[in-house]
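Student: So you can see what is in the structure, the chains are spelled out below.
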Amino acid sequence: MSENSIVTNICGPPAEGQVLPNIGSDPNYVFVSDPEFTTVRLFDLGGNIINVNSWIECAHYVQGGWSSNQQSLVNSEITIFYILSGILTSYFLYKIIKNLQK
Amino acid sequence: MLEIIKSKKSFKIFGLVLFSLLPWVLNLGRDTGEFIKVNSGNVGYYQSNVCDISFSKILITNFFNNNLVFRTTNVENIACVGKIMGMDNIGNKIAIYVGTNVIFDIVFQSIFWILVMSFLQRKSSSGNNNLIPIFIIPFLFTFQIIGENRFYSSIHKNYENNITYENLYLLNYLLSILIISIFIKEFLVPRSFNFINYLPYVFLLVGTFNLINTNLYLIIASYFGVLKITNEKTVSKVNLFYISLSLLWLISSNNQNSFFDVDKLRGFANSSGTFQSRVFWILTIFLTINGIWYLLEISYKSIDLDKLKLNFLISGCAIVIFGFFGASNSMMNFLNLYYFGQNKIGINKLSSVAGNTWRGFSSSAESIGEFYAFVILFYFLSLIWKSQKIKLQEIPFLIICIYGLLKANNFAAIISLGALLLIIILKNNILLNKKRVYLLLVLVLFLTSILIYFIIDYFSYGSLSKGLLFNAFEYSNIFLNTEPYFNNLNYFEANNLESILLFNDQGKNLSSSIIFLFNIFTQESNIKFLPNPVAFLSFISIIINRSEKWGLFLAKYDPNLQELLFGYGPLQFSEYYSGHPIKDVSGLILPHSSFLMLLIFTGLIGTIAFILYLARAFVVSKNGDKYSGFLLIFLIINFLKSDSILYISSLFLFLLTLFLFKNSSSIFNNEVKERS
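As they're listed, the protein sequences go chains S and H.
Counting in the numbering used here, the first sequence runs from 1 upward without gaps.
Counting in the numbering used here, the second sequence runs from 103 upward without gaps.
Treat the hints with care, as some may be off.
In silico DSS-like cross-links for lysine-lysine, where the CA-CA straight-line distance does not exceed 25 Å [what the hints assert, rightly or not]:
#1 LYS98/S to LYS287/H
#2 LYS568/H to LYS95/S
#3 LYS98/S to LYS111/H
#4 LYS568/H to LYS610/H
Hints are computed from structural coordinates only; laboratory data are not their basis.
Construct the complete structure from the given sequences, taking the supplied hints into account.
Tutor: Here's what the structure looks like:
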């Protein structure tokens, strides 16, 4: 799939006459929110999320490797699972010890 | 002993501080980008450095910057919790997206709220050792995630609803709700005897979790609901009736994976039409109502009317004060949303009713107006109950609550409060013998007749009797793509309603409820001297300013016979909203009557049963306290024209009022005995 078709697929077709300016990684470039554009949520390989509010912003990020599909994320779910399990295990251990002390 | 109590309190205060800060400081020391001043020129920098800078830095440095608006966004990567996940120039404001994680939010918010509640006095409870709710509640609320898949997949991109050990997403939900259940058992069950006196705070601490469609009070009430059901040996008639209806709802369920945007109803509405989501909401509402009732039953012996009155006043004032903070400061507005669990971010204007009212503490102007009017009514009734006079120190609280009522813009609540207070004053100060009661009735009837005469003279009988149907026709898909001459107004003015249906065969585009009312309205066998029921309903709807809203309801409400009789199920909106096409109406437009909502949810059978239940309560409670009925009458009158039943805080208030009324003889007699 060509880069343009990926952009169209994720961000939709550009408005008539709309082209992607050469933004590069210019930190001073400010994307202007387009009220007509339905917010698209994009993900990068690190699991980061960004909500883009204009076609230009969306196209820029998609060309930079961001995608609407969440692939090979930094999987925090397992970490959250360990944290929650840890809290619960501590609670049950505390209860067992308390009962043994009675 | 004192030291132990002190150390427990310190532990709780430490926990409160910790869990209030954790959402923003979890990754504080792990910034990978430099924090620079937030202004419209630097928005690009923050757009390029997503998940690099802590929100807490903005929180500290921009606390008084009102050009910022804050929104939370769910992050899968916990390294992004509390980080800035994007920024946008929107108009003359800068929108900042703050990373939060729904599982962490469930844990942080619920622990924070439960710790706040844990400052209530503790007492051992008989239900303390019952572990059944701890096993049931987590599975029940995880089932919601499975059922409402379209809502949850919009928050969580990696959403999966298959029940496997590998599905950590679901497993984490289960564990987080398990943690809440344990907290309820440890901190709330021993304090449940004291619950009734602190119920007014459900209006301040709204309890809706960030981003998801669940409310803490649903979990707490369901927990106690399970306790009640497992403790009872027999099934009550009300529960049996509900179970019968539930079976009908589930049998007729068409399992549509539809999506209803819950918007301001978040936390207390089904966003889907799937079978699983119906099962969840049917069970949860069953347990919630049982749970609230159980909490009232086990705590009513501890009722302290002075304390309850004071808590109503404090809660009302706190809503005004925090509402003002939120309206005047963007950061406070955002923090109110998170810490009080608001359904929707509060408005940032001080003007009345511009969006969701009272700065986010209530999604509905009607609901919060009713609350303030209720607080004032309760205050004056408690003066009568306790034979007290207004205390000087209570006056500021009262003034703030009156201000809250006025700013809620709920005229029905103000007028009904005024009328009831007048009756109470008359009842309390004038010895009403039979003769005087009849005289008063004749006077009221006379004044009402004069009022009706002037109203009919002003509006004309034609527009009063047809206003409701006219509005219903206006919202229906008729006269589409026709010459401008062909419109409802011309046909209504010519009193030629039948022709509207025949025109291009457009009668088939009307809902079954419009056709039903239309047939009653146009029937030729009207009884002399009695108004046509539809004309009468239309008259009422115009007087109370509900003609348009009820017209819209009629245009949409298109039930078949079974749905008309038994409804769609509790908090089930999908069929009503997406079932029958009408002209485009933006936003979430509700019928603005709790009784119409009840009709949608439980059908004619459920609504009539509910009315009969209330009527029976009035008949049975003849010998109870003569004033407590005013509170219930006040709510019933207001529910006629408000959607308050859709808000969990109003449901709590209604059940408290009903409970007080049903048990008024024992509650208020005890109070009188204590006094003497």
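Student: None of the hints should be skipped; say for each whether it holds.
Tutor: Now the hints, each set against the structure:
Using a Cα cut-off of 25 Å, the hinted pair LYS98/S and LYS287/H holds, with the two alpha carbons roughly 16 Å apart. Of the supplied pair hints, the one linking LYS568/H and LYS95/S is violated, its CA atoms being roughly 68 Å apart against a limit of 25 Å. Distance restraint check for LYS98/S and LYS111/H: the Cα-Cα separation of roughly 20 Å lies within the 25 Å cut-off, and the hinted pair is therefore satisfied. For a cut-off of 25 Å, the pair hint linking LYS568/H to LYS610/H stands: about 20 Å separates their Cα positions.
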